[in-house]
Amino acid sequence: MPQHANAAESTSAASPWRQQARSPLLAAGIVILALAAIYLFGNRDSGLVTQSIVSGLLLGGVYALVSIGLTLIFGVLGVVNFAHGAMLTLALYFVYALTTSAGIPVYLSTLIAVPLMFGFGFLVQRLLLNKLTTEGSHEGPLLITLGLQLLIVNTLLMVFGGRPVSVPGSVDGSLRVFGAVATYERLIAFFGALLVAALLTLLLRRTSFGMSIRSVASNAQGAALVGVNVGRVYAMTFGIGAACVAVAGGLTAPFTSLTPTVGESFTVLAFVIVVLGGLGSVVGAITGGLIIGLVQTIGALYLPGTGALLLVFVVFVLVLLFRPQGLFGVRP
Amino acid sequence: MKQTETELPRVAADDPRLRDTDLRNSLITLGVLAVVLAVLPLVVNERIESILVLTLIFAIMGVGWNLMSGFGGLFSFGHAAFFGVGAYTNAYLVIEYELSPWIAMIIGAVFAAAIGTFIAFLCLRYKLAGAYFALATFAFAQMFLLLAQNLEFLNKTDGLSLPILGEESFWHMQFRQGNDWYVWIPSGLLVIALGITILYARSRPGRYVQAARDDEVAAASLGINVMRTRLVAVMLSCAVTAIAGAYYAQYYFFVGPEQAFGTHVSVQAIVPAVLGGIGTIWGPLVGALIVGPLAEYIKELLRDPPSYLEFLQGVSGLDVAVYAVLLIVIVLFMRKGIYGTLKDKITERKNQ
Chain A
2 MPQHANAAES TSAASPWRQQ ARSPLLAAGI VILALAAIYL FGNRDSGLVT
52 QSIVSGLLLG GVYALVSIGL TLIFGVLGVV NFAHGAMLTL ALYFVYALTT
102 SAGIPVYLST LIAVPLMFGF GFLVQRLLLN KLTTEGSHEG PLLITLGLQL
152 LIVNTLLMVF GGRPVSVPGS VDGSLRVFGA VATYERLIAF FGALLVAALL
202 TLLLRRTSFG MSIRSVASNA QGAALVGVNV GRVYAMTFGI GAACVAVAGG
252 LTAPFTSLTP TVGESFTVLA FVIVVLGGLG SVVGAITGGL IIGLVQTIGA
302 LYLPGTGALL LVFVVFVLVL LFRPQGLFGV RP
Chain B
-6 MKQTETELPR VAADDPRLRD TDLRNSLITL GVLAVVLAVL PLVVNERIES
44 ILVLTLIFAI MGVGWNLMSG FGGLFSFGHA AFFGVGAYTN AYLVIEYELS
94 PWIAMIIGAV FAAAIGTFIA FLCLRYKLAG AYFALATFAF AQMFLLLAQN
144 LEFLNKTDGL SLPILGEESF WHMQFRQGND WYVWIPSGLL VIALGITILY
194 ARSRPGRYVQ AARDDEVAAA SLGINVMRTR LVAVMLSCAV TAIAGAYYAQ
244 YYFFVGPEQA FGTHVSVQAI VPAVLGGIGT IWGPLVGALI VGPLAEYIKE
294 LLRDPPSYLE FLQGVSGLDV AVYAVLLIVI VLFMRKGIYG TLKDKITERK
344 NQ
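Those protein sequence lines, which keep their order, are chains A and B.
Letter by letter, the first sequence follows residues 2 to 333 of the numbering used here.
Letter by letter, the second sequence follows residues -6 to 345 of the numbering used here.
Looking at chain A on its own, in the form it has when it is part of the complex:
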């Protein structure tokens, strides 16, 4: 490893939220080079490529928000929430139920779904996970979240059935960006997701509650000694993770076809994104989300059907092989 890289690493604090100047630049460089290569030698219509980039980034914004929830829960509780995708589905069905049965517009339903999902996450941590996480068990919480995932998906299947349903959209029309089309619904989802991500980062960095979360993440015992209520922070963090998913669900509801298994792929996508960004890193989750969004839409130019998703896993294997700590992660 070159000398200057070591120096850069030693100056930054060893917290999951620390920033590394080198990795994001490197990642951005690789992404820009790859995009340029596709424009020049990709053998695809450049308008089509632009369209894919725009849709990829828009998709990536939502991925980022889902992944932030996952990475936050991992960073603080040390639990990989296997029910993350299922919680997204649950949020989507909340919004669906509110819009279709009560006639509340989609985005307003989202505002109702967010506190509901926060409460759900809070209770899950309090009732099911708290005992196991405080004992420091690895397998216990994992199995519980697996059980939770199965329970949510199959309960939804029992209640709503397996037929795809859709939430009526509220905003029609689209915008042209560099000749590419972006519907307002997707733009709202993208900027909404980024806004929430920014608010969350502010919460973590600038408020005393954020500080207590960060302190628990870096050393739970030490935080408890200086008076942080660790159990409460755990529950709040899980709640925030669930709320992130609820926002993502509400924002994507207008253009998603709902089935009880729709969120399943998100669990593994969010995990790949979090691994790419570095476990526990919020900035990493955002960067990773955008990259994976791009990989998926640009991959779709070359590989039909589910082939594009396969490319996402190629990225995953490459990361495991060459940079297992992720772009922003600290090597364990």
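Worth double-checking, as some hints may not be accurate.
[Stated by the list, open to error] Within a straight-line C-alpha distance of at most 27 Å, the following computed DSSO-like cross-link-like pairs (lysine-lysine) qualify:
{"hint": "1", "chain 1": "A", "residue 1": "K132", "chain 2": "B", "residue 2": "K338"}
{"hint": "2", "chain 1": "A", "residue 1": "K132", "chain 2": "B", "residue 2": "K336"}
{"hint": "3", "chain 1": "B", "residue 1": "K343", "chain 2": "A", "residue 2": "K132"}
{"hint": "4", "chain 1": "B", "residue 1": "K329", "chain 2": "B", "residue 2": "K343"}
[To be verified] Stretch-level coverage of chain B by chain A, calculated; a stretch enters the list once three of its residues show a Cβ under 8 Å from a Cβ in chain A:
{"hint": "5", "region": "47 to 60"}
{"hint": "6", "region": "312 to 323"}
It is worth saying that the hints were derived from the structure and are not from the lab.
Remember, predicted model here, so these are calculated numbers, not experimental data.
Beta carbons are placed, not taken as given, at the ideal position from N, Cα and C, and that holds for glycine.
With chain A fixed as given, assemble chain B onto it according to the hints.
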């Protein structure tokens, strides 16, 4: 009169109390199990036989999962990957090269073991254990699902159908429907898998891997090559799981991406072991004996519900929801599973 000195009783080397009863008891239990499984298909009807086969497949998967996740402490959420590799390898070799399933099964097991060892090596290289390892295996299973759906030679989403021969043949593992061999073969495979578990758990590599599971640093400091012992556990585990997959393909004459690599397959490997008792020899079997018949019973119930459960008519998902609740309850309140907790209770009583 009081005794001032008590002399410790001398124990001769051939004292019956020093005899290794643990191995003997395990092997006797295994023998009894083998006899029961051999007799069962003779007395039950065809419908129960089909449930029995499914239960046996669950049990073999659970035993396989338990080898690496229970004894090795390496939680896998992606055992579908190895089950599927076993199933597809078997189907492909039988169709393309007309190999005997017995040979195809072994090739599939070796292949799955190689893949599993490579994946585990990638993850363990940077000590990415625990939850990270679990999700990484899950991601690999998903990747294989997508591969199977996209590869031309595996017939994409249509899957592979095995040719049906006109005659019965043990070598080609094909019999008339309802033939008892369809139960005896997985029974034999299960008995072998359990035998492997019994011997492995007592062997040197088996003891090493359990030591590494309980305290990695301490184990390494005593000179145990943690990585190598873990990879041995992974290898055995993947091979056993692949055998279950190969038999699945053989029994149903079909394998598709979802049946081989779907998430529910990974779950079916985990649930029996967790219910019965992680890291115990008989746990996965006990769990499978609960899960297999229960799943069938619920399906039956939903097909034709009694009047007070009318609202459940045609609803799907209840069987998995029930597993899910069982799983959560067991993890929360019976950490060692049903068999593990019972065993502890019995030893406690004996010691009193």
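Hint by hint, here is what the structure shows:
1. Between K132/A and K338/B the alpha-carbon distance is near 23 Å, which keeps this suggested pair within the 27 Å criterion.
2. As the CA atoms of K132/A and K336/B are separated by approximately 24 Å, the hinted pair is consistent with the 27 Å bound.
3. As the CA atoms of K343/B and K132/A are separated by approximately 30 Å, the hinted pair breaks the 27 Å bound.
4. A threshold of 27 Å between alpha carbons decides the hint, and for K329/B with K343/B the separation of about 19 Å falls inside it, so the pair holds.
5. For the region 47 to 60 of chain B, the assignment as covered by chain A is violated, since 0 residues bring a beta-carbon within under 8 Å of that chain's beta-carbons and 3 are needed.
6. Figure legend: the region 312 to 323 of chain B, annotated as covered by chain A; annotation consistent (7 residues with Cβ-Cβ distances under 8 Å, at least 3 required).
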